[in-house]
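*Asks:* Working from the sequences, and respecting the hints, build out all of it.
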Amino acid sequence: SQQGEEDPQALSIQEGENATMNCSYKTSINNLQWYRQNSGRGLVHLILIRSNEREKHSGRLRVTLDTSKKSSSLLITASRAADTASYFCATDAYGNKLVFGAGTILRVKS
Amino acid sequence: DVKVTQSSRYLVKRTGEKVFLECVQDMDHENMFWYRQDPGLGLRLIYFSYDVKMKEKGDIPEGYSVSREKKERFSLILESASTNQTSMYLCASSERTGPQEGYTFGSGTRLTVV
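Protein sequence lines, in the order shown, are assigned to chains X and A. Last residue of the first sequence: 1172 in the numbering used here, with the numbers rising by one and none dropped. Last residue of the second sequence: 115 in the numbering used here, with the numbers rising by one and none dropped.
It is possible that some hints are incorrect.
In the BS3-like style, the derived pairs of lysine-lysine whose C-alpha atoms are separated by at most 27 Å in a straight line are [as the list claims (entries may be wrong)]: (1) A/K4 - A/K71; (2) X/K1159 - A/K71; (3) A/K56 - X/K1159; (4) X/K1159 - A/K58; (5) A/K4 - X/K1159; (6) X/K1088 - A/K54; (7) A/K54 - X/K1159.
Hint data in this document are derived by calculation from the structure and do not stem from the laboratory.
*Replies:* In structure tokens form, the structure reads like this:
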């Protein structure tokens, strides 16, 4: 069962621009996480935001969480060609396991 | 760094074969997970385990079984492979607090059943 749904499905931008990806979910959550996947490899954990947090930063990443709208966004600032990957949100809905969305494919053109 | 190692990157098997996908983690994590990933469907949980010899069904367990005889190893078994099990299989592990911290994934096994 998919809990998180990312939007857009695909995004193409120029190097140096900012990339914004959104995630919506359906049930109450303990936390929401973002992962990155390069070209059919495994997923890498990027950042976790807890339900009582509204915003979190990590390097060029900024994540927001709006629990009233059941949505989150991931902003990558000053994007680089190396940021080209698929990005997934995953929700921990108090069930001891994560539920992943279908992902956003980001392409950064140099 | 935690390492999760999946034994094969690519695998081609015939319909009806019994297939074993192996996953080993080296950081004494309690929790281990098997997901499959298909285009447009994201990651779907097949089975997970919180401890040795313990297993729980995920969202799509049909056609699969698992084995966890040792804490570091979690095996996914396709009893009789079918073409609709062609997919990318991802193993992950986490500490007991699991979803509260984040998962570490292996590099994946791309399985093709012909």
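*Asks:* Work down the list of hints and note, for each, if the structure agrees.
*Replies:* Verification of the supplied hints:
1. Taking the CA atoms of A/K4 and A/K71, the gap is near 16 Å; set against the 27 Å cutoff, the hint holds.
2. With a CA separation close to 21 Å, the supplied pair X/K1159 and A/K71 stays within the 27 Å bound.
3. Taken as a hint, the A/K56 and X/K1159 pair is honoured in the structure, with Cα atoms around 13 Å apart against an allowance of 27 Å.
4. For the suggested pair X/K1159 and A/K58, the alpha carbons sit about 11 Å apart, so the restraint of at most 27 Å is met.
5. Restraint check for A/K4 and X/K1159: satisfied, since their Cα atoms lie roughly 20 Å apart, inside the 27 Å limit.
6. Taken as a hint, the X/K1088 and A/K54 pair is broken in the structure, with Cα atoms around 33 Å apart against an allowance of 27 Å.
7. The straight-line distance between the Cα atoms of A/K54 and X/K1159 is roughly 18 Å, inside the 27 Å bound, and the hint therefore holds.
Hint check: a violation occurs at hint 6 only; the rest are consistent with the structure.
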